[in-house]
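Line by line, the protein sequences give chains C and R.
Counting from 1, one number per residue, gives the positions in the first sequence under UniProt numbering.
Counting from 1, one number per residue, gives the positions in the second sequence under UniProt numbering.
Please keep in mind that the hints were generated in silico from the structure rather than gathered at the bench.
If a hint is listed, it holds; no wrong ones were tucked in.
To give an idea of the chain R side of the interface with chain C (calculated C-beta under 7 Å), a few residues:
#1 R243
#2 G247
#3 V437
#4 W439
#5 T442
#6 S450
#7 E457
#8 Y460
#9 R462
Beyond 10 Å from chain R on every Cβ pair, some chain C residues (computed):
#10 R30
#11 Q77
#12 A91
#13 D112
Just so it is clear, CB atoms sit at the ideal spot from N, CA and C, and this is done for glycine as well.
Spelled out, the chains give:
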Amino acid sequence: MSKTDPVRLAVRKTYKLYIGGAFPRSESGRSYPVTSSKGDFLANAAKASRKDARDAVSAARRAFPGWSGATPYNRGQILYRVAEMLEGRRAQFVAELVDAGTGRAEAGRNVDAAVDRLVWYAGWSDKITSIVGAANPVAGPYFNLSTPEPTGVVAVVAPEDPLLGLVSVVAPVIVTGNTCVVVAGERAPLPAVTLAEVLATSDLPGGVVNILTGSTAEIAPWLASHMDVNAIDLTGVTDAELAVACEEAAAENLKRVLRPTGGTDWSADPGTRRMTTFLETKTVWHPTGV
Amino acid sequence: MFEYAPAPESRAVVDIRPSYRLFVGGEWTDSQGGTAHKTVNPASEEALSEVVWATEADVDRAVGAARKAFGVWSALPGSERAKYLFRIARIIQERSRELAVLETLDNGKPIRESRDVDLPLVAAHFFYYAGWADKLGHAGYGPDPRPLGVAGQIIPWNFPLLMLAWKIAPALACGNTVVLKPAETTPLTALLFAEICQQADLPPGVVNIVTGAGETGAALVNHPDVNKIAFTGSTEVGRQIARSVAGSGKRLTLELGGKAANIVFDDAALDQAVEGVVNGIFFNQGHVCCAGSRLLVQESVAEELLEALKRRLTTLRLGDPLDKNTDIGAINSAAQLAKIRELSEAGEAEGAERWSPACPLPERGYWFPPTIFTGVAQSHRIAREEVFGPVLSVLTFRTPAEAVEKANNTPYGLSAGVWTEKGSRILWMADRLRAGVVWANTFNRFDPTSPFGGYKESGYGREGGRHGLEAYLDV
Numbered sequence: 001m002s003k004t005d006p007v008r009l010a011v012r013k014t015y016k017l018y019i020g021g022a023f024p025r026s027e028s029g030r031s032y033p034v035t036s037s038k039g040d041f042l043a044n045a046a047k048a049s050r051k052d053a054r055d056a057v058s059a060a061r062r063a064f065p066g067w068s069g070a071t072p073y074n075r076g077q078i079l080y081r082v083a084e085m086l087e088g089r090r091a092q093f094v095a096e097l098v099d100a101g102t103g104r105a106e107a108g109r110n111v112d113a114a115v116d117r118l119v120w121y122a123g124w125s126d127k128i129t130s131i132v133g134a135a136n137p138v139a140g141p142y143f144n145l146s147t148p149e150p151t152g153v154v155a156v157v158a159p160e161d162p163l164l165g166l167v168s169v170v171a172p173v174i175v176t177g178n179t180c181v182v183v184a185g186e187r188a189p190l191p192a193v194t195l196a197e198v199l200a201t202s203d204l205p206g207g208v209v210n211i212l213t214g215s216t217a218e219i220a221p222w223l224a225s226h227m228d229v230n231a232i233d234l235t236g237v238t239d240a241e242l243a244v245a246c247e248e249a250a251a252e253n254l255k256r257v258l259r260p261t262g263g264t265d266w267s268a269d270p271g272t273r274r275m276t277t278f279l280e281t282k283t284v285w286h287p288t289g290v
Numbered sequence: 001m002f003e004y005a006p007a008p009e010s011r012a013v014v015d016i017r018p019s020y021r022l023f024v025g026g027e028w029t030d031s032q033g034g035t036a037h038k039t040v041n042p043a044s045e046e047a048l049s050e051v052v053w054a055t056e057a058d059v060d061r062a063v064g065a066a067r068k069a070f071g072v073w074s075a076l077p078g079s080e081r082a083k084y085l086f087r088i089a090r091i092i093q094e095r096s097r098e099l100a101v102l103e104t105l106d107n108g109k110p111i112r113e114s115r116d117v118d119l120p121l122v123a124a125h126f127f128y129y130a131g132w133a134d135k136l137g138h139a140g141y142g143p144d145p146r147p148l149g150v151a152g153q154i155i156p157w158n159f160p161l162l163m164l165a166w167k168i169a170p171a172l173a174c175g176n177t178v179v180l181k182p183a184e185t186t187p188l189t190a191l192l193f194a195e196i197c198q199q200a201d202l203p204p205g206v207v208n209i210v211t212g213a214g215e216t217g218a219a220l221v222n223h224p225d226v227n228k229i230a231f232t233g234s235t236e237v238g239r240q241i242a243r244s245v246a247g248s249g250k251r252l253t254l255e256l257g258g259k260a261a262n263i264v265f266d267d268a269a270l271d272q273a274v275e276g277v278v279n280g281i282f283f284n285q286g287h288v289c290c291a292g293s294r295l296l297v298q299e300s301v302a303e304e305l306l307e308a309l310k311r312r313l314t315t316l317r318l319g320d321p322l323d324k325n326t327d328i329g330a331i332n333s334a335a336q337l338a339k340i341r342e343l344s345e346a347g348e349a350e351g352a353e354r355w356s357p358a359c360p361l362p363e364r365g366y367w368f369p370p371t372i373f374t375g376v377a378q379s380h381r382i383a384r385e386e387v388f389g390p391v392l393s394v395l396t397f398r399t400p401a402e403a404v405e406k407a408n409n410t411p412y413g414l415s416a417g418v419w420t421e422k423g424s425r426i427l428w429m430a431d432r433l434r435a436g437v438v439w440a441n442t443f444n445r446f447d448p449t450s451p452f453g454g455y456k457e458s459g460y461g462r463e464g465g466r467h468g469l470e471a472y473l474d475v
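Next up, chain C with everything else stripped away, as it sits in the complex (with noise of 0.2 Å):
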């Protein structure tokens, strides 16, 4: 006869790659130990392989025609549904980013700030193609109209800010239709982790929002070089070299390029350029008559 432990062992989860709306392990196995900012152990999350990245790419191209072909109506109600999530999660989420070093009361702001970053994206999902787009007056008997359309898929290198940071660069690439691989930041990727399990209990198609984890350097350049990516956003690349090596590298298909500017303030206004980077012009044209 055994004594019951008076102190329960927690069950801890495990933290996984986020891909086609499912959670694998990295296929090469490989995992990293991730600690809290003192340094004492928080879990071994999953070390992403370039095998990862591709599987990645192919799922996110495979859910870009329901994405993109989705009304801008659905987009906007699935980024409420996901700030909806996210805000069930407070807590969670604050106590991940204690882990992460981040002080408990600005952790709080930063939570409540990821949520209504999401809120105000979802509510451009139907309003940026009126600011974007424009009725072309031409010289003769032609209909012409411009409308915004999504560039593809869409690689995200993340920025180190867990959440805020994370929330504020994949929201504005999904919201217009188009899907993303998103390389979580390095240091502390566990609410990216987290977010993920948000996203999968949002109506998010799987496939739409794919998060790796693991070493910016090394995902980084798969991506920036892989022929069906349309664009990379290398917002969280913070050396100076490797955001160049990314930049060439993207040149092969001449992807569309948001370069790092370092030192972006989370909390501020985004304005509409992390939409408008992701998105192509389309001018269809028609003779008018009888």
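Got chain C; can you put chain R on it based on the hints?
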């Protein structure tokens, strides 16, 4: 068939100098170490003039002049910049016949096209962007959007003056100054434009024209004091430019190649579709990045359409570009002709069937007959690579979904055409075609108010319309 008497446009309106220097800082200046090269009339191989290929030192001087002018130009009230651009537009209209004849001489395109398409669009483009210069605060880029600085602009040989207008007009309207490099085979209208800038009293250094080939272009792209590069040309060179600009912080817009599908459904007005297909691929000898070089025709009407198309091709008149009856002019250069021949031979070698109307070619000059390939597979080089010549590849499809699949099966994404009488199908197709311009029941239409530019490897950025301002504003 009717017999046509020759109706050549007079070239007396054009006064071509035996040689040209570089237009830097508002005046004609000598090159430092550049060599002179002939520019020829591709219809006769006659040398028209000599231009110098600018060196790195020349480019540096031109960028310096542009930098010096930038302060003054960007500080001018928009309404004053507007008036300069309006002036330029007016002078272009006044000298349009001269410019059209010169364009045809240097490029080989039919006078009918340079006179009726290129020149009116060039003037319209300057008029359009002139009007934006004092309204930039209303363009949706903030209350007081700022220019970028010095723009390095590199343009191709297929629409020399029109591409110059697409580059210079928005750049100047936004308050930038420019160094423009025309293509080495078609420098003459850009040099005449320099004279127009002088006539308009444009402040010195606002527009600088440096002639030359790839090395001159590379010097411009790599110059550290250039803030923006705008390039129109091949995807291959576009890639190189994107690579060299990486890490420099320079802004970049690229308008590159295409392999557009022109899709004809069985319910299309076939006679109109035939005209559209002809205009799509034989306009400007097919030297058009957005040319409808892949005809996708619904299987049930393929035979009928091809018959009508071939009949129409027998009526096209190929020959002297200055003749007002000419439909198809000369291929712009020996190098381009060699490329068209090579790809056409590859088309035959890979098993496609080649057809051209009986079409005697002039003995001198660079010529290629209008050509159709049938039985083309998607894997053939002529279905994948940009020929940039009067060569049409014909493929068939059964369902709209198959048409979309085939149309999008290319790394390019510049333009597409759809021919059907069913409105909902047009919009369904337009939604799914991954291309920057979709022409429905028309093709190859251009307008300064209408944004133009590609998806995927056809480049990025838009020229024309409100969208075209973004490329030259710090936003």
